[in-house]
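Those protein sequences? They're chains C and Y, same order as listed.
With numbering that gives the first Met the number 0, the residue at position 131 of the first sequence is 130, and numbering never jumps.
With numbering that gives the first Met the number 0, the residue at position 99 of the second sequence is 98, and numbering never jumps.
Please note that a few of the clues may not be correct.
Example chain Y residues on the side facing chain C (calculated, C-beta under 10 Å, incomplete) [stated by the list, open to error]:
#: 1; residue: S13
#: 2; residue: F36
#: 3; residue: N54
#: 4; residue: R190
#: 5; residue: G221
#: 6; residue: H244
#: 7; residue: G364
#: 8; residue: T375
Beyond 10 Å from chain C on every Cβ pair, some chain Y residues (computed) [claimed, not checked]:
#: 9; residue: R77
#: 10; residue: A156
#: 11; residue: A269
Pairwise CB distance ranges, derived in the manner of DEER restraints [unchecked claim]:
#: 12; chain 1: Y; residue 1: E8; chain 2: C; residue 2: G107; range: 33 to 43 Å
#: 13; chain 1: C; residue 1: E112; chain 2: Y; residue 2: Q38; range: 40 to 50 Å
#: 14; chain 1: Y; residue 1: F106; chain 2: C; residue 2: E118; range: 29 to 39 Å
Bear in mind the hints are in silico, worked out from the structure with no lab data behind them.
Heads up, the beta-carbon is just placed ideally off N, CA and C, and yes, glycines get one too.
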Amino acid sequence: MVRVVTGIVGRALVLREGLSLWGGMDPATGDLIDAHHPQHGVNLAGRVLVMPSGRGSSSSASVLAEAVRAGVAPAAILLGAPDLILSIGAAVAEELYGVRVPVVVLPGERLGELRDGQEVSIDPDGRVRTA
Amino acid sequence: MRLVLRAAEVTGASRLIDVTRAHVDSCLDHGEASLDFVQRLVDGGAAVRVPTTLNVGAVDLLHPELYRGDPGMAERGRRLMDRYRSLGARPTFTCAPYQLADARPSFGEQVAWGESNAIAFCNSVLGARTNRYGDFIDIAAAITGRVPDAGLHRTDARRATLVLRLAPDVPVRLRDADLLFPLLGIVLGRRAGSAVAAIDGLPPGQSEDRLKALGAAAASSGSVAMFHVVGSTPEAPTLDEALQHGTPPSVELVHLDDLRAVRDELTTAAGDGLAAVSLGTPHASLAELERYVTLLRGRRVHPEVECLVSTGRDTLAQADTAARALRASGIELLVDTCSYIAPILREAGGSTMTDSGKWAYYAPGNVGARVVFGSTEECIESAVAGRVVRDDRAWCGS
């Protein structure tokens, strides 16, 4: 199968705390539903999610895949540390539905420079650029 | 295998190692994607290569009448559980596989476990070795019998890099209360994130049930996959061994106010009204079931309070006497699933009391519950009285 890989562009959503997608994001709507998270109520669909790290449940991979299927997943996820659970969720979603959600690790200082609402693009090779 | 290799890439491992067992969490329904994935495995003729236990699903297959949600969702949940069984996994449907004598890995064993509380227990309390295997990669590891040689599979990553100690202002009674452990767990998860921490200064020989409550809470508020409790967990007979003889990091104190703040934060319901009480998250052990019976002293729970205890089907099969006593007290026993991941509660938006840090953490988002967090004793007394009953004695004194 030939897959045309293109870059991804979206507006950044900077989370102040890590989020467990399971119990944290409604995969039908993309809403942030973790009542203990300071940004409870924001919507993650189509945003470039920026967070220090993934967190919590090992079911987050399924929630990410289901959100991709439902069309409400983040456009990309930028993290300060590698996260196996989110990377696998993204790999399975791509395998099943042919939609790519890049999960990219950035050095802390690059991550810290990103501002909420800023336009961010991710090249097919994983390079992150800001407008 | 592609998924295992992708995992190796993410973790930076240069080789794969064999595992002897797997615990698979992917059998809990999270939507059509869950079924689409396993169907692809079934269609490809896949089967597990190592003894594999299954985590909770969406439905109690032994007591299906307890499911109050959409029948279509229940059917999908049931189909998913059945598909994983057809791959050769054992239908244990429990989040506490470490409570099954023949599924418990021994010290030093390399395994691939999913389910955050089970991962923490496996590494910390059993001294077996697993990374945090999430959905999809858990079954991929069970089918291939291979995982990347990385992270907690390796000795150096198991060293404590953070030390927590209770401050002198934490009263003696609270230091020796079951209630301490879920609260300290929430603090541990927040402070440690994904790091391995050592908790120092607790009396040695803490019970498995207390360590289970600690780990489940820590894996909810943080990504804790391993912790040490000096004098209680096998890789920490002393603080020096937990640190693998390295330089001790500075010690962080946990104050009484930190624990009180967690208790208050976990309680999201106001007033003393009570719709339900939920115990057994993670799934109650035989010892815990017997303790509920002791605390009930033959009393019945209030007719207007729904009282649920979650446990594993294999534990239930060994607990005839306790199960009979609990049912005679008006308590419903739930297996194969849990009341914070499936529509089980009669009044989902009502005040529900729990002794579990994990239940308290996730139930508001998952099932819309309003939570009252309390000790096991407070939960039982409240269930009997039909309203929230508090006993603050553990929080007082020196």
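Hint by hint, here is what the structure shows:
1. Hint status for S13 of chain Y: violated, given a least beta-carbon distance of 15 Å to chain C, over 10 Å.
2. Given the 10 Å rule on beta carbons, the hint for F36 of chain Y holds: about 6 Å separates it from the nearest Cβ of chain C.
3. A least Cβ separation of about 9 Å between N54 of chain Y and chain C falls short of the 10 Å threshold, and the interface hint therefore holds.
4. Because the smallest distance between the Cβ of R190 of chain Y and any Cβ of chain C comes to about 13 Å, over 10 Å, the interface hint for this residue is violated.
5. Because the beta carbon of G221 of chain Y sits about 6 Å from the nearest beta carbon in chain C, less than 10 Å, this interface hint is met.
6. Taking 10 Å as the C-beta contact cut-off toward chain C, the hint placing H244 of chain Y at the interface is violated, the least distance being around 26 Å.
7. The interface hint given for G364 of chain Y is met, as the beta carbon of that residue sits about 4 Å from the closest beta carbon of chain C, less than 10 Å.
8. The beta carbon of T375 of chain Y is not positioned within 10 Å of any beta carbon in chain C (closest approach about 23 Å), and the interface hint is therefore violated.
9. Every C-beta of chain C lies more than 10 Å from that of R77 of chain Y, the closest at about 17 Å, which supports listing it as non-interface.
10. With a least CB separation of 13 Å from chain C, A156 of chain Y remains clear of the 10 Å interface cut-off, as annotated.
11. For A269 of chain Y, the shortest C-beta to C-beta distance to chain C comes to about 14 Å, beyond the 10 Å cut-off, and the non-interface label holds.
12. Look at E8 of chain Y against G107 of chain C: about 22 Å separates their beta carbons, and that is not inside 33 to 43 Å.
13. For the pair E112 of chain C and Q38 of chain Y, the beta carbons lie near 43 Å from each other, so the given range of 40 to 50 Å is met.
14. The supplied range of 29 to 39 Å is broken by F106 of chain Y and E118 of chain C, whose beta-carbon atoms lie about 52 Å from each other.
In terms of the numbered hints stated before, the structure departs from hints 1, 4, 6, 8, 12 and 14, listed from lowest to highest.
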